[in-house]
Every structure is written in C-alpha cells, then in structure tokens.
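Participant: Using the sequences plus the hints, can you model the full thing?
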Amino acid sequence: MISQFLKLEWKQYFRSSHWQKGIVLKILMGFLALYFIITFLIIGVGAYYILKKEFPEQDPLQMVNSYLLYAILGDLIVRYLMQKLPVMNIKPLLILPIKKSKLVHYVLGKSSLSIFNIFGLFFYIPFAIVLLKEGYDVAGVLGWLLTIILIIQSANFLNFLINKNNKVLIFIASVFVLLIGFQKFEIADVIGFGGSIFDGIYANPILSCIGIIVLAMLYQLNYKQLRNSVYLDEAVKDKVEEAKSADLSFTNKLGDVAPFIKNDIRLIWRNKRTKTVFLMSFLFLFYGLIFFTQKTYRDMPAMLMFASLFVSGGFALNYGQFIPAWDSAHYKMLMSQSFKYRKFLESKWILMVAMTSILYLLSFPYLYFGVDIFLMITAGAIFNIGFNSLFLLYAGSFNRKRIDLNKSGFGNTQGTSATQFIIIIPIMLFPMLLFWVFNKFVGGISGYLAVVLVGVLALLLKNVAMNVIEKKYIKDKYVMINAFGKEA
Amino acid sequence: MITIDTISKKYGTTEVLNVPTIDIPTGQSFGLVGNNGAGKTTLFNILLDLIRPTTGAITNHNIVVNQSEAWKNFTGSFIDESFLIGYLTAEEYFDFIGDLRGMNAADVTKFLTQFDEFFNDEILGKKKYLRDLSKGNQKKAGIVAAMMGNPKVVILDEPFANLDPTTQIRLKKIIKNLTENREITVLISSHDLTHVTEVCERIVVLDKGKVVKDIKTSSETLKELESYFAV
Chain A
43 MISQFLKLEW KQYFRSSHWQ KGIVLKILMG FLALYFIITF LIIGVGAYYI
93 LKKEFPEQDP LQMVNSYLLY AILGDLIVRY LMQKLPVMNI KPLLILPIKK
143 SKLVHYVLGK SSLSIFNIFG LFFYIPFAIV LLKEGYDVAG VLGWLLTIIL
193 IIQSANFLNF LINKNNKVLI FIASVFVLLI GFQKFEIADV IGFGGSIFDG
243 IYANPILSCI GIIVLAMLYQ LNYKQLRNSV YLDEAVKDKV EEAKSADLSF
293 TNKLGDVAPF IKNDIRLIWR NKRTKTVFLM SFLFLFYGLI FFTQKTYRDM
343 PAMLMFASLF VSGGFALNYG QFIPAWDSAH YKMLMSQSFK YRKFLESKWI
393 LMVAMTSILY LLSFPYLYFG VDIFLMITAG AIFNIGFNSL FLLYAGSFNR
443 KRIDLNKSGF GNTQGTSATQ FIIIIPIMLF PMLLFWVFNK FVGGISGYLA
493 VVLVGVLALL LKNVAMNVIE KKYIKDKYVM INAFGKEA
Chain B
16 MITIDTISKK YGTTEVLNVP TIDIPTGQSF GLVGNNGAGK TTLFNILLDL
66 IRPTTGAITN HNIVVNQSEA WKNFTGSFID ESFLIGYLTA EEYFDFIGDL
116 RGMNAADVTK FLTQFDEFFN DEILGKKKYL RDLSKGNQKK AGIVAAMMGN
166 PKVVILDEPF ANLDPTTQIR LKKIIKNLTE NREITVLISS HDLTHVTEVC
216 ERIVVLDKGK VVKDIKTSSE TLKELESYFA V
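Each protein sequence line maps, in turn, to chains A and B.
With the first sequence counted from 1, adding 42 to any position gets you the numbering used here.
With the second sequence counted from 1, adding 15 to any position gets you the numbering used here.
Keep in mind that the hints were calculated from the coordinates and are not lab data.
C-beta: ideal position from N, C-alpha, C; glycine also.
Check the hints yourself; a few may be wrong.
What the hints assert, rightly or not - Counterexamples of contact, computed for chain A against chain B with all Cβ distances above 10 Å: (1) 75; (2) 100; (3) 174; (4) 224; (5) 232; (6) 499.
As the list claims (entries may be wrong) - Pairs of lysine to aspartate or glutamate, EDC-like flavour, derived with a Cα cap of 16 Å: (7) B:191 with B:213; (8) B:141 with A:284; (9) A:382 with B:84; (10) B:187 with B:213; (11) B:238 with B:207; (12) A:314 with A:284; (13) B:142 with A:179; (14) A:279 with B:147; (15) B:141 with A:283; (16) B:143 with A:179; (17) A:517 with B:207; (18) B:167 with B:84.
Said to hold, decoys possible - Partner residues aside, some chain A positions facing chain B, computed with beta carbon under 10 Å: (19) 250; (20) 283; (21) 301; (22) 312; (23) 371; (24) 375; (25) 379; (26) 381; (27) 384; (28) 447; (29) 498; (30) 500; (31) 526.
Facilitator: Written as structure tokens, this is what we have:
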C-alpha cells in the first residue's frame with residue numbers, strides 16, 4: 043500500500059508542470075536550488091569557525107543556542123504564511139477501499155518531509171558535524187541535533203493545528219516582537235534564557251526525550267482532528283473566497299479602454315500570482331539600496347543603471363513579460379468578441395505606464411543618495427515608460443505558454459519560455475550599454491541624456507510601434523489560441 | 016444566412032472535418048449531432064474564426080469570417096468554460112461583455128431581468144467568482160452572455176449538458192423564442208437527441224468529420240436518429 047502511495051507521489055512530482063518545461067529552464071532552476079543548498083551548507087560548515095574568529099572568547103555553540111528561540115518563532119511565522127497541509131491530494135483516494143486512518147497517516151507523514159522541514163537541516167547537520175570534529179561531546183551534540191529536528195517537526199504539526207487562524211499568528215508575532223523588545227531594552231535576558239535551554243540539552247542529552255513526547259502529542263492531536271474531518275465538506279474542501287467588488291467606475295474616463303483596464307485591475311488583484319507580481323514591484327523599489335549603498339558599485343555606472351531600471355520598472359517588467367498569457371484562460375472568448383485589438387493592448391500599456399510612474403514618484407527618497415543617482419533613476423523611468431513598455435508588448439506576441447491564474451505566485455514559472463530570457467537583452471542590457479558608452483567616451487551627463495532620448499523617441503513613435511504590435515498579434519492569433527488552449 | 020462552403024480541416028494526415036456546402040438560412044434553428052470526435056466543436060470554432068480551415072470558407076451574413084471581423088458585432092457564442100473570465104463575478108462579466116457589445120450599465124441590467132427565471136437566483140448577487148460556481152451555473156452565465164447585444168447569430172456548443180432538468184426546459188423555451196421572429200439564427204450542438212429534435216427545425220448529423228444526415232425535423236426524426244445511433 044505504501045509503495046502504491048509512493049508511486050503516486052513520484053508520478054505527481056515528475057509529471058507536474060514544472061518538469062514539462064524546456065531544458066534551459068530546468069537547468070536554470072536546478073542551479074538555483076543547488077545554489078541555495080550550497081549556501082546553506084557553507085554557512086553550516088563555516089558558522090563555527092566564523093563565530094570562533096569573530097568572538098574568540100565565546101563558545102560558538104552557546105552563541106547559536108542563544109538565538110535559536112528567535113529562529114523557531116520566525117520559522118513558525120513563515121510556515122503559517124506559506125505552508126499548507128496537502129489534503130486535496132487524497133480526494134481521489136477517498137472512495138477506494140483504503141482505510142481512512144491510513145490516508146490520514148499518509149498525509150501527515152508526507153508533510154513531515156516537506157521542504158520547510160528539510161531546508162533548515164542543511165544548516166544544522168553540517169554545523170553539528172563540525173562540532174563533533176572540534177571535539178564536542180558526542181552524546182551532547184547528537185541530543186542537541188535530535189532536539190532541533192524534533193522541534194522542527196513539532197513546528198510542522200503545530201502549524202497545521204493553528205490552521206490559518208489569524209489570532210494565533212498575531213499571538214506568535216507579538217511574542218516574537220516582545221522577546222526582541224525585552225532583549226533590546228534589557229527588561230529580560232531572552233537570549234540568555236533561550237541559550238540556557240539549549241545549553242542544558244547539550245549538557246543532558248536525555249532531555250531531548252521531552253521533544254519526542256511533544257511531537258508524539260502534536261501528531262496525535264493532528265491525527266484525531268483530521269481523521270474526523272476527512273469529508274468533502276470539511277478538510278478535503280477547496281476554499282471558496284467571497285467575491286469583493288470595488289467600484290472601478292473612475293476608469294470610465296479612459297473611454298474605450300475602460301472595460302479592459304477594469305478587467306486588468308481585477309485580474310491583478312484577484313489572482314495569487316498576479317497579486318504577487320503587483321506587491322513584489324513595490325519591493326523592487328528597494329532594489330537600488332543594494333547597489334547605491336555599496337562603494338564597489340559606485341565606480342560601475344552600468345550596474346547603477348541596471349539598478350535604476352529596476353527601481354521603477356518592477357511592475358512593467360514582471361507583468362509585461364507575460365502579456366497576453368495572463369488572459370490565456372479566456373483568450374478564445376476575447377477573440378470571438380467584437381473589439382479593436384488595439385484597445386486590449388492599449389489597456390496593458392496604460393497599466394504599465396501608470397504603475398511605472400507611481401513607482402517613480404515613490405522613488406523620490408533616493409535623492410538622499412545624491413542628484414546623480416536620482417537622475418539615473420529618472421532616466422531609467424523614462425526608458426521604462428517609453429521603450430520598455432512598448433517592447434514588452436511586442437515581445438508578448440511571442441508568448442506561447444498558458445498561465446493558470448489559480449496557481450500560486452511564489453516561484454511559479456508557468457508561462458516562462460525562451461522569450462523571457464531573450465528580452466533581457468533589449469530591455470536591460472541595451473540601456474546599460476548605452477549609458478556606459480556615452481558616460482565613458484563622451485562624459486558629463488551624456489549617458490543620462492542618451493538613455494532619456496531613446497525613451498522619449500520611443501514614446502513619440504508610440505502610434506507607429508502600436509500599429510506594428512497590433513499587426514503581429516492579429517497575425518499570430520490562431521497560434522496563440524491553440525497554444526493557450528493546451529493545459530499548462 | 017450562413018454558408019459553409021466545403022470546409023475541411025486536417026491535422027497532419029488525419030482529416031477531422033470535411034463538410035460539403037451547407038446553407039443555413041436566417042432565422043433557422045440548426046442542430047448539430049454526432050458522437051465524440053465527430054467534429055462539431057471544430058466546425059463551430061472555424062465558424063468563429065478560432066481555428067483556420069485547411070480548405071474552404073464560411074460566410075456569415077455575407078462576411079467571410081476569416082477575412083473581416085465585422086461578423087463579431089452580430090454573433091454571440093458560448094463554446095465552453097474558457098469563454099468565461101474566472102476571476103470576475105457574474106455581474107462584472109456581463110458588464111464586460113455588455114461594454115464590448117455596446118450596451119451601457121442600464122441596458123445590461125434591463126437585459127438581465129428577462130433571464131431572472133432562467134438564473135433561478137443562482138447567478139446574480141451571489142458574491143462568488145465565476146470560477147467558484149458549479150458547472151451548470153457557469154453554463155447559465157455563458158449562455159446568457161452569448162445572447163447579449165442583439166446578435167443575429169447565436170452559437171451554443173452543448174448548451175444542455177450540466178443543466179438541471181428545470182433549466183433545460185427553460186432553455187428550450189428561450190431558444191424557441193429566439194427564432195420565433197425568423198430573425199435570429201441559432202446553431203446548437205448536442206448529445207441529447209430529444210432536446211435537439213425538440214428545438215431545432217433542421218438537424219445535421221456528423222460522423223468522423225463527414226455529414227451523414229441532413230434532416231428537416233418532423234415527428235419521425237427522433238426515431239430516425241435513435242435508430243441511427245443505436246449501433
């Protein structure tokens with residue numbers, strides 16, 4: 043029976059959409075995953091020696107111990123926000139002759155192998171191995187490691203018990219803040235207290251048995267709760283959110299484009315992935331901080347241009363590159379309706395330009411880093427508005443991958459194809475090169491001017507460009523309908 | 016008047032559709048019947064210029080559908096759920112389609128009131144996105160949207176599937192009313208022989224892409240179709 047389950051899991055994993063992608067993307071994602079694993083491993087191995095070097099008079103294990111309490115609380119918050127019990131998977135199994143208790147054990151057991159539980163181990167295990175190598179007590183270190191693993195597993199099951207109860211989140215978050223506050227204002231020695239718990243476990247590894255009891259209890263509670271609610275109208279139920287309609291009549295001023303703008307605003311706000319793109323674009327505002335605050339980049343103007351483009355372009359880039367795949371689910375319907383294709387494209391353009399302008403206004407505080415930086419951001423914004431928004435629309439006509447809006451936002455690469463990699467050249471590298479050439483060989487403000495000029499020129503030629511883009515979309519209509527109709 | 020002129024569609028070497036000339040006069044209620052894979056949906060998709068035919072052309076009220084888009088102004092259609100926009104509520108969806116078909120908010124509200132009975136209080140004012148409605152209710156919304164903006168041609172693919180019995184009866188009434196004045200042409204496909212013989216005055220049977228029967232509906236038609244399909 044278990045082997046049957048494992049076979050299902052195997053197929054589910056390898057037949058899921060992210061394996062059906064192009065080879066380039068697979069390799070790229072593989073590298074990214076490898077990068078994170080290796081980074082964690084390096085930190086795990088190196089932490090001991092780094093701490094030893096920086097704080098020679100303190101014991102690295104005790105230092106790590108003293109912050110573990112925060113790590114655990116932080117972990118709980120992240121889990122609360124992102125981890126979900128994969129109950130839906132058992133829906134097709136419910137009517138088969140399998141005991142419900144087995145299904146519940148299976149779901150719970152599977153959850154303990156979740157990535158959230160594995161990730162931290164890439165730090166803790168190498169760290170423990172280094173401790174052993176450095177002559178720490180073997181029983182103590184193993185007891186310590188066991189406790190950590192038990193705590194991670196307990197957090198896993200605690201999270202499902204909490205089950206998206208906002209009050210609990212607020213409670214955990216306030217405990218977290220309170221603890222930091224206590225430490226900061228020296229009301230209580232949280233770090234010392236937290237540290238002493240884990241130091242105690244190292245000294246008496248037998249104490250880790252408490253963890254086993256806690257874990258067993260949490261598992262039992264989960265089991266009981268889930269076992270009683272394996273019904274389609276309880277645990278195994280898709281959540282239906284209540285529709286909330288906002289008044290978008292202000293867009294009516296835009297005339298013919300209004301219905302599409304309204305649609306796009308709803309599209310962005312009501313689907314997880316687009317919402318993530320939207321919210322992330324505000325995070326991109328801070329992208330400049332990484333570059334502008336570091337001396338190394340001060341002497342690499344092309345890199346600063348790169349950052350400047352991102353500051354105002356977060357939305358245009360992330361949303362624009364998947365036009366019109368956002369509408370892939372109902373593309374057939376759109377194509378059987380009577381409207382000028384121009385209006386559909388125009389609405390996307392307006393959206394990108396409006397968001398870029400808003401992000402640009404929000405970037406004014408960058409003046410703090412000097413006029414040079416601010417001019418660069420301005421040039422970047424003008425380039426984004428003039429050139430990039432039009433170019434992204436054109437590039438969109440090459441999109442042939444369907445996007446299912448209902449799928450989650452984070453790390454979702456659905457709809458990604460070679461197009462997304464190739465467009466980087468004109469929209470990012472081209473302005474960087476332009477800026478670099480003029481800045482280096484002509485000097486003064488010519489670099490800014492060159493970038494601005496291309497942006498303004500593109501804006502002036504907008505109607506011509508739109509004609510070309512519209513023709514391209516109409517020409518590729520059948521291919522797109524066919525491609526978007528296929529399951530992603 | 017719709018003219019289907021020797022339409023064929025090939026994928027590689029397999030021919031999925033090959034129909035000779037079919038004329039559908041204005042105001043006719045035209046039924047398309049056939050087993051799975053007979054080419055019903057393909058024919059409708061070609062009619063809506065969503066798929067290009069390998070040979071032949073379809074003319075919809077003197078407009079060749081893949082040469083001009085003017086036919087879109089007077090043709091309403093509902094093929095499948097992909098015609099709905101999942102993240103909109105029913106009201107927002109009707110507003111959107113209404114906007115595209117030149118109706119203002121008041122027009123849309125007025126238009127929808129005649130379907131109160133058909134909706135049976137399950138569509139409007141539900142605070143649900145279309146993606147969260149049941150299959151049958153999604154279909155109701157799609158069918159009504161296809162009738163917005165005074166179309167001269169209404170195309171419905173499998174309109175009876177997933178509907179509850181009461182709604183099926185109401186839909187039949189609606190379709191009959193549409194063609195009453197002989198101004199609106201209705202094309203429907205169905206697997207349900209009883210329904211289709213009841214609402215359509217002409218029935219074409221497709222089998223593996225070919226027309227095998229073209230019948231003017233009479234009291235004998237249902238029997239004839241049943242004996243044809245009972246193989």
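Participant: With reference to the structure, classify each hint as holding or not holding.
Facilitator: Taking the hints in turn, this is what the structure says about them:
1. Distance check for residue 75 (chain A) against chain B: the nearest CB is about 31 Å away, which clears 10 Å, and the non-interface claim stands.
2. At roughly 55 Å, the least C-beta separation between residue 100 (chain A) and chain B is larger than 10 Å, which holds for a residue marked as non-interface.
3. The claim that residue 174 (chain A) is not at the interface with chain B holds, since no C-beta of that chain comes within 10 Å of its own (minimum 54 Å).
4. Once the 10 Å rule is applied to beta carbons, residue 224 (chain A) is consistent with being away from chain B; the minimum gap is 44 Å.
5. The claim that residue 232 (chain A) is not at the interface with chain B holds, since no C-beta of that chain comes within 10 Å of its own (minimum 45 Å).
6. No Cβ of chain B approaches the Cβ of residue 499 (chain A) within 10 Å, the least distance being about 32 Å, so the stated non-interface status holds.
7. With a C-alpha separation of about 9 Å, the suggested pairing of residue 191 (chain B) with residue 213 (chain B) holds against the 16 Å cut-off.
8. About 9 Å separates the Cα atoms of residue 141 (chain B) and residue 284 (chain A), which keeps this hinted pair within 16 Å; it holds.
9. Between residue 382 (chain A) and residue 84 (chain B) the alpha-carbon distance is near 10 Å, which keeps this suggested pair within the 16 Å criterion.
10. The hinted pair formed by residue 187 (chain B) and residue 213 (chain B) meets the criterion: a straight-line CA distance of about 8 Å does not exceed 16 Å.
11. About 13 Å separates the Cα atoms of residue 238 (chain B) and residue 207 (chain B), which keeps this hinted pair within 16 Å; it holds.
12. Between the alpha carbons of residue 314 (chain A) and residue 284 (chain A) the distance comes to roughly 15 Å, so the proposed pair stays at or under 16 Å and holds.
13. Simply put, residue 142 (chain B) and residue 179 (chain A) have alpha-carbon atoms about 62 Å apart, too far for the 16 Å limit, and the pair is violated.
14. The hinted pair formed by residue 279 (chain A) and residue 147 (chain B) meets the criterion: a straight-line CA distance of about 12 Å does not exceed 16 Å.
15. With a C-alpha separation of about 12 Å, the suggested pairing of residue 141 (chain B) with residue 283 (chain A) holds against the 16 Å cut-off.
16. Taken as a hint, the residue 143 (chain B) and residue 179 (chain A) pair is broken in the structure, with Cα atoms around 61 Å apart against an allowance of 16 Å.
17. Between the alpha carbons of residue 517 (chain A) and residue 207 (chain B) the distance comes to roughly 38 Å, so the proposed pair goes past 16 Å and is violated.
18. For the suggested pair residue 167 (chain B) and residue 84 (chain B), the alpha carbons sit about 15 Å apart, so the restraint of at most 16 Å is met.
19. Restraint check, residue 250 (chain A) versus chain B: the minimum CB separation of about 47 Å is more than 10 Å; hint violated.
20. With its C-beta approaching chain B no nearer than about 8 Å, residue 283 (chain A) sits inside the 10 Å limit, and its interface hint holds.
21. For residue 301 (chain A), the interface hint holds, since its Cβ comes within 10 Å of a Cβ in chain B; the closest pair sits about 4 Å apart.
22. Nearest Cβ of chain B to the Cβ of residue 312 (chain A): about 4 Å, under the 10 Å cut. The hint holds.
23. The beta carbon of residue 371 (chain A) is positioned within 10 Å of a beta carbon in chain B (closest approach about 6 Å), and the interface hint is therefore held.
24. For the restraint placing residue 375 (chain A) at the interface with chain B, the shortest Cβ-Cβ distance is roughly 4 Å, inside the 10 Å limit, so the hint holds.
25. Look at residue 379 (chain A): its Cβ gets to within about 5 Å of chain B, closer than 10 Å, so that hint holds up.
26. Against a cut-off of 10 Å between C-beta atoms, the interface hint on residue 381 (chain A) holds, since the closest Cβ of chain B lies about 5 Å away.
27. The closest approach between the C-beta of residue 384 (chain A) and any C-beta of chain B is roughly 12 Å, which is over the 10 Å cut-off, so the hint fails.
28. Against a cut-off of 10 Å between C-beta atoms, the interface hint on residue 447 (chain A) holds, since the closest Cβ of chain B lies about 6 Å away.
29. Hint on residue 498 (chain A) is violated. Least Cβ distance to chain B is approximately 33 Å, over the 10 Å limit.
30. Checking residue 500 (chain A) against chain B: minimum C-beta separation of about 29 Å lies over 10 Å; hint violated.
31. About 9 Å separates the beta-carbon of residue 526 (chain A) from the nearest beta-carbon of chain B, less than 10 Å, and the hint is met.
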